[in-house]
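Given only the sequences and the hints, what does the whole structure look like? Please build it.
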Amino acid sequence: MTDTVEDLRKRATRLRRGVGQLGVLESIIDAADGPWLGAMDADGRGAAELRMHLVGRYRLTVVVTSAGKISHVQLNTPAAGAAGERVLSPKPALRKGWDEHEKMPKQPGWLDYVVEWVENASGSVGRHAIVEWRLRGADRQLAAMNDTIDTLRANLVEREAARDELAAEVAGLRAELVALVQELEGVISRSRAEDADATADVAPQPSEHETAAPEPMGDTSDAGVAALSSAADRSPLAAAPHEADVHE
14 MTDTVEDLRK RATRLRRGVG QLGVLESIID AADGPWLGAM DADGRGAAEL RMHLVGRYRL
74 TVVVTSAGKI SHVQLNTPAA GAAGERVLSP KPALRKGWDE HEKMPKQPGW LDYVVEWVEN
134 ASGSVGRHAI VEWRLRGADR QLAAMNDTID TLRANLVERE AARDELAAEV AGLRAELVAL
194 VQELEGVISR SRAEDADATA DVAPQPSEHE TAAPEPMGDT SDAGVAALSS AADRSPLAAA
254 PHEADVHE
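Going by the working numbering, the letters in the sequence shown line up with residues 14 to 261, in that order.
Derived by calculation from the structure, the hints in this document are not laboratory data. Heads up, some of the hints might be wrong.
Unchecked claim - Here are the computed lysine to aspartate or glutamate pairs in the EDC-like style, where the Cα-Cα straight-line distance is at most 16 Å:
no., residue 1, residue 2
1, 82, 62
2, 109, 98
3, 82, 39
4, 82, 56
5, 23, 62
6, 116, 132
7, 116, 145
To be verified - Between beta-carbon pairs, the in silico distance windows are:
no., residue 1, residue 2, range
8, 162, 106, 47 to 55 Å
9, 89, 147, 16 to 24 Å
10, 169, 22, 38 to 46 Å
11, 169, 192, 30 to 38 Å
We put the beta carbon where it would ideally sit given N, CA and C, even for glycine.
Structure representation (C-alpha coordinates):
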(Lines of atoms letter the chains of each structure in order from A; the text may use other names.)
(Lines give C-alpha, C1' and ligand atoms only; values in the text may rest on other atoms or scores of the structure.)
Protein backbone atom coordinates (compact mmCIF):
# COMPACT_ATOMS: atom_id res chain seq x y z
CA MET A 14 0.00 0.00 0.00
CA THR A 15 2.04 2.89 -1.31
CA ASP A 16 -0.48 4.98 -3.24
CA THR A 17 -1.28 8.40 -1.87
CA VAL A 18 -4.81 9.76 -1.54
CA GLU A 19 -4.46 11.50 -4.89
CA ASP A 20 -3.26 8.27 -6.51
CA LEU A 21 -6.24 6.45 -5.07
CA ARG A 22 -8.60 9.03 -6.55
CA LYS A 23 -7.07 8.48 -9.97
CA ARG A 24 -7.33 4.73 -9.63
CA ALA A 25 -10.95 4.97 -8.61
CA THR A 26 -11.66 7.03 -11.71
CA ARG A 27 -9.86 4.55 -13.96
CA LEU A 28 -11.97 1.68 -12.70
CA ARG A 29 -14.78 2.87 -15.01
CA ARG A 30 -17.37 1.12 -12.89
CA GLY A 31 -20.85 2.22 -12.02
CA VAL A 32 -21.51 5.70 -10.76
CA GLY A 33 -22.64 4.35 -7.42
CA GLN A 34 -19.44 2.42 -6.84
CA LEU A 35 -17.28 5.38 -7.79
CA GLY A 36 -19.25 7.69 -5.49
CA VAL A 37 -18.75 5.38 -2.48
CA LEU A 38 -15.02 5.07 -3.08
CA GLU A 39 -14.55 8.82 -3.55
CA SER A 40 -16.49 9.57 -0.37
CA ILE A 41 -14.15 7.39 1.69
CA ILE A 42 -11.00 8.71 0.01
CA ASP A 43 -12.05 12.34 0.41
CA ALA A 44 -12.52 11.82 4.15
CA ALA A 45 -8.87 10.80 4.48
CA ASP A 46 -6.80 13.73 5.72
CA GLY A 47 -3.12 13.31 6.30
CA PRO A 48 -0.48 10.90 5.02
CA TRP A 49 -2.88 8.07 4.23
CA LEU A 50 -1.49 5.40 1.93
CA GLY A 51 -3.35 2.62 0.23
CA ALA A 52 -4.06 0.42 -2.75
CA MET A 53 -7.08 -0.49 -4.85
CA ASP A 54 -7.89 -3.72 -6.66
CA ALA A 55 -10.82 -5.00 -8.68
CA ASP A 56 -11.93 -8.59 -9.07
CA GLY A 57 -13.52 -10.30 -12.03
CA ARG A 58 -17.04 -9.75 -10.72
CA GLY A 59 -16.66 -5.99 -10.78
CA ALA A 60 -16.18 -5.47 -7.04
CA ALA A 61 -13.53 -2.99 -5.92
CA GLU A 62 -11.41 -3.42 -2.80
CA LEU A 63 -9.97 -0.32 -1.15
CA ARG A 64 -7.21 -0.74 1.44
CA MET A 65 -5.81 2.22 3.36
CA HIS A 66 -3.67 2.87 6.42
CA LEU A 67 -2.59 5.93 8.37
CA VAL A 68 0.99 5.82 9.74
CA GLY A 69 0.50 2.11 10.33
CA ARG A 70 -1.90 2.75 13.21
CA TYR A 71 -5.28 2.87 11.52
CA ARG A 72 -6.11 0.38 8.77
CA LEU A 73 -9.17 0.16 6.62
CA THR A 74 -10.44 -2.41 4.09
CA VAL A 75 -13.67 -1.79 2.19
CA VAL A 76 -15.23 -3.91 -0.57
CA VAL A 77 -17.73 -2.15 -2.83
CA THR A 78 -19.79 -4.03 -5.39
CA SER A 79 -20.30 -2.80 -8.94
CA ALA A 80 -23.76 -1.62 -7.89
CA GLY A 81 -22.24 0.73 -5.28
CA LYS A 82 -23.08 -1.42 -2.25
CA ILE A 83 -20.59 -2.00 0.57
CA SER A 84 -20.33 -5.75 1.12
CA HIS A 85 -17.45 -5.91 3.61
CA VAL A 86 -15.62 -3.51 5.97
CA GLN A 87 -12.65 -4.19 8.25
CA LEU A 88 -11.36 -1.50 10.62
CA ASN A 89 -8.22 -1.72 12.76
CA THR A 90 -7.18 0.75 15.45
CA PRO A 91 -4.39 0.89 18.05
CA ALA A 92 -6.95 0.08 20.77
CA ALA A 93 -6.35 -3.14 22.66
CA GLY A 94 -8.77 -6.02 22.77
CA ALA A 95 -11.82 -6.59 20.63
CA ALA A 96 -12.22 -2.84 20.02
CA GLY A 97 -8.98 -2.87 18.03
CA GLU A 98 -10.63 -4.76 15.14
CA ARG A 99 -14.13 -4.40 13.85
CA VAL A 100 -15.68 -6.12 10.87
CA LEU A 101 -18.94 -5.14 9.21
CA SER A 102 -20.37 -7.98 7.17
CA PRO A 103 -23.81 -9.28 6.18
CA LYS A 104 -22.61 -12.68 7.36
CA PRO A 105 -22.87 -13.01 11.16
CA ALA A 106 -19.91 -15.41 11.31
CA LEU A 107 -17.58 -12.74 9.94
CA ARG A 108 -18.63 -9.88 12.23
CA LYS A 109 -16.15 -8.76 14.90
CA GLY A 110 -15.90 -6.11 17.62
CA TRP A 111 -19.63 -5.68 18.27
CA ASP A 112 -21.58 -6.36 21.45
CA GLU A 113 -24.71 -5.30 23.20
CA HIS A 114 -23.13 -2.01 24.21
CA GLU A 115 -22.17 -1.09 20.68
CA LYS A 116 -24.12 -2.82 17.99
CA MET A 117 -23.15 -3.02 14.37
CA PRO A 118 -24.91 -0.39 12.26
CA LYS A 119 -27.30 -1.46 9.55
CA GLN A 120 -25.89 -1.96 6.08
CA PRO A 121 -27.41 1.23 4.57
CA GLY A 122 -25.48 3.24 7.19
CA TRP A 123 -22.10 1.58 6.60
CA LEU A 124 -20.81 4.31 4.31
CA ASP A 125 -21.52 7.05 6.88
CA TYR A 126 -19.90 4.95 9.59
CA VAL A 127 -16.74 4.37 7.54
CA VAL A 128 -16.46 8.04 6.52
CA GLU A 129 -16.81 9.14 10.14
CA TRP A 130 -14.25 6.57 11.25
CA VAL A 131 -11.74 7.82 8.67
CA GLU A 132 -12.28 11.44 9.72
CA ASN A 133 -11.81 10.59 13.42
CA ALA A 134 -8.66 8.61 12.64
CA SER A 135 -7.25 11.51 10.62
CA GLY A 136 -7.87 13.92 13.49
CA SER A 137 -6.38 11.64 16.14
CA VAL A 138 -2.96 11.44 14.54
CA GLY A 139 -0.78 14.47 15.20
CA ARG A 140 2.32 15.70 13.49
CA HIS A 141 4.50 13.98 16.07
CA ALA A 142 3.05 10.57 15.25
CA ILE A 143 3.36 11.19 11.52
CA VAL A 144 7.03 12.18 11.78
CA GLU A 145 7.75 9.26 14.08
CA TRP A 146 6.12 6.81 11.67
CA ARG A 147 7.98 8.23 8.70
CA LEU A 148 11.23 8.09 10.64
CA ARG A 149 10.71 4.42 11.41
CA GLY A 150 9.99 3.69 7.78
CA ALA A 151 12.99 5.65 6.55
CA ASP A 152 15.20 4.01 9.16
CA ARG A 153 14.11 0.55 7.99
CA GLN A 154 14.81 1.48 4.39
CA LEU A 155 18.23 2.84 5.31
CA ALA A 156 19.09 -0.33 7.25
CA ALA A 157 17.98 -2.48 4.32
CA MET A 158 20.02 -0.36 1.92
CA ASN A 159 23.10 -0.63 4.16
CA ASP A 160 22.69 -4.40 4.31
CA THR A 161 22.42 -4.52 0.54
CA ILE A 162 25.56 -2.41 0.12
CA ASP A 163 27.48 -4.56 2.63
CA THR A 164 26.40 -7.69 0.79
CA LEU A 165 27.48 -6.22 -2.53
CA ARG A 166 30.84 -5.23 -1.07
CA ALA A 167 31.39 -8.73 0.32
CA ASN A 168 30.48 -10.24 -3.02
CA LEU A 169 32.82 -7.80 -4.76
CA VAL A 170 35.70 -8.80 -2.49
CA GLU A 171 35.03 -12.48 -3.20
CA ARG A 172 34.89 -11.88 -6.92
CA GLU A 173 38.12 -9.86 -6.82
CA ALA A 174 39.83 -12.73 -5.02
CA ALA A 175 38.50 -15.19 -7.59
CA ARG A 176 39.70 -12.87 -10.35
CA ASP A 177 43.21 -12.73 -8.87
CA GLU A 178 43.35 -16.53 -8.66
CA LEU A 179 42.20 -16.83 -12.24
CA ALA A 180 44.73 -14.23 -13.39
CA ALA A 181 47.54 -16.16 -11.67
CA GLU A 182 46.37 -19.37 -13.32
CA VAL A 183 46.28 -17.69 -16.73
CA ALA A 184 49.81 -16.33 -16.25
CA GLY A 185 51.12 -19.77 -15.27
CA LEU A 186 49.46 -21.47 -18.21
CA ARG A 187 50.76 -18.82 -20.61
CA ALA A 188 54.33 -19.25 -19.32
CA GLU A 189 54.04 -23.03 -19.60
CA LEU A 190 52.75 -22.70 -23.16
CA VAL A 191 55.66 -20.45 -24.13
CA ALA A 192 58.13 -22.93 -22.64
CA LEU A 193 56.51 -25.81 -24.53
CA VAL A 194 56.65 -23.87 -27.81
CA GLN A 195 60.31 -23.05 -27.28
CA GLU A 196 61.09 -26.68 -26.48
CA LEU A 197 59.26 -27.84 -29.58
CA GLU A 198 61.13 -25.34 -31.73
CA GLY A 199 64.43 -26.64 -30.30
CA VAL A 200 63.49 -30.24 -31.08
CA ILE A 201 62.59 -29.26 -34.65
CA SER A 202 65.88 -27.37 -35.10
CA ARG A 203 67.94 -30.34 -33.82
CA SER A 204 66.02 -32.74 -36.04
CA ARG A 205 66.68 -30.61 -39.10
CA ALA A 206 70.40 -30.41 -38.27
CA GLU A 207 70.64 -34.17 -37.84
CA ASP A 208 68.86 -34.72 -41.14
CA ALA A 209 71.31 -32.37 -42.89
CA ASP A 210 74.31 -34.23 -41.40
CA ALA A 211 72.91 -37.60 -42.46
CA THR A 212 72.34 -36.36 -45.99
CA ALA A 213 75.94 -35.16 -46.23
CA ASP A 214 77.30 -38.58 -45.09
CA VAL A 215 75.45 -40.59 -47.77
CA ALA A 216 76.26 -38.25 -50.71
CA PRO A 217 77.70 -40.22 -53.86
CA GLN A 218 81.56 -40.13 -54.35
CA PRO A 219 82.98 -39.40 -57.84
CA SER A 220 84.53 -42.48 -59.77
CA GLU A 221 88.12 -42.77 -60.99
CA HIS A 222 87.12 -41.97 -64.57
CA GLU A 223 85.19 -38.95 -63.41
CA THR A 224 88.02 -37.79 -61.21
CA ALA A 225 90.95 -38.57 -63.64
CA ALA A 226 92.33 -35.52 -65.32
CA PRO A 227 92.15 -35.63 -69.13
CA GLU A 228 95.49 -36.23 -70.93
CA PRO A 229 97.02 -33.17 -72.52
CA MET A 230 96.35 -32.89 -76.20
CA GLY A 231 99.72 -31.45 -76.94
CA ASP A 232 100.58 -28.21 -78.53
CA THR A 233 97.66 -26.94 -80.54
CA SER A 234 99.41 -23.88 -81.87
CA ASP A 235 100.17 -23.40 -85.60
CA ALA A 236 103.84 -24.27 -85.07
CA GLY A 237 102.94 -27.45 -83.35
CA VAL A 238 100.56 -28.45 -86.10
CA ALA A 239 103.27 -27.81 -88.73
CA ALA A 240 105.80 -29.90 -86.87
CA LEU A 241 103.35 -32.78 -86.66
CA SER A 242 102.73 -32.56 -90.36
CA SER A 243 106.47 -32.67 -91.13
CA ALA A 244 106.92 -35.68 -88.94
CA ALA A 245 104.12 -37.46 -90.68
CA ASP A 246 105.66 -36.81 -94.07
CA ARG A 247 108.98 -38.26 -92.99
CA SER A 248 107.51 -41.42 -91.60
CA PRO A 249 107.83 -44.67 -93.73
CA LEU A 250 104.09 -45.03 -93.92
CA ALA A 251 103.79 -41.67 -95.58
CA ALA A 252 106.48 -42.56 -98.17
CA ALA A 253 105.02 -45.94 -99.21
CA PRO A 254 102.47 -44.61 -101.74
CA HIS A 255 105.22 -42.78 -103.71
CA GLU A 256 107.18 -45.96 -104.17
CA ALA A 257 104.17 -47.65 -105.66
CA ASP A 258 103.74 -44.87 -108.13
CA VAL A 259 107.39 -45.33 -109.34
CA HIS A 260 106.86 -48.98 -110.13
CA GLU A 261 103.86 -48.18 -112.23
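Review point. Hint numbers the structure violates, sorted upward?
Key: Hint check: 6, 7 fail, others pass.
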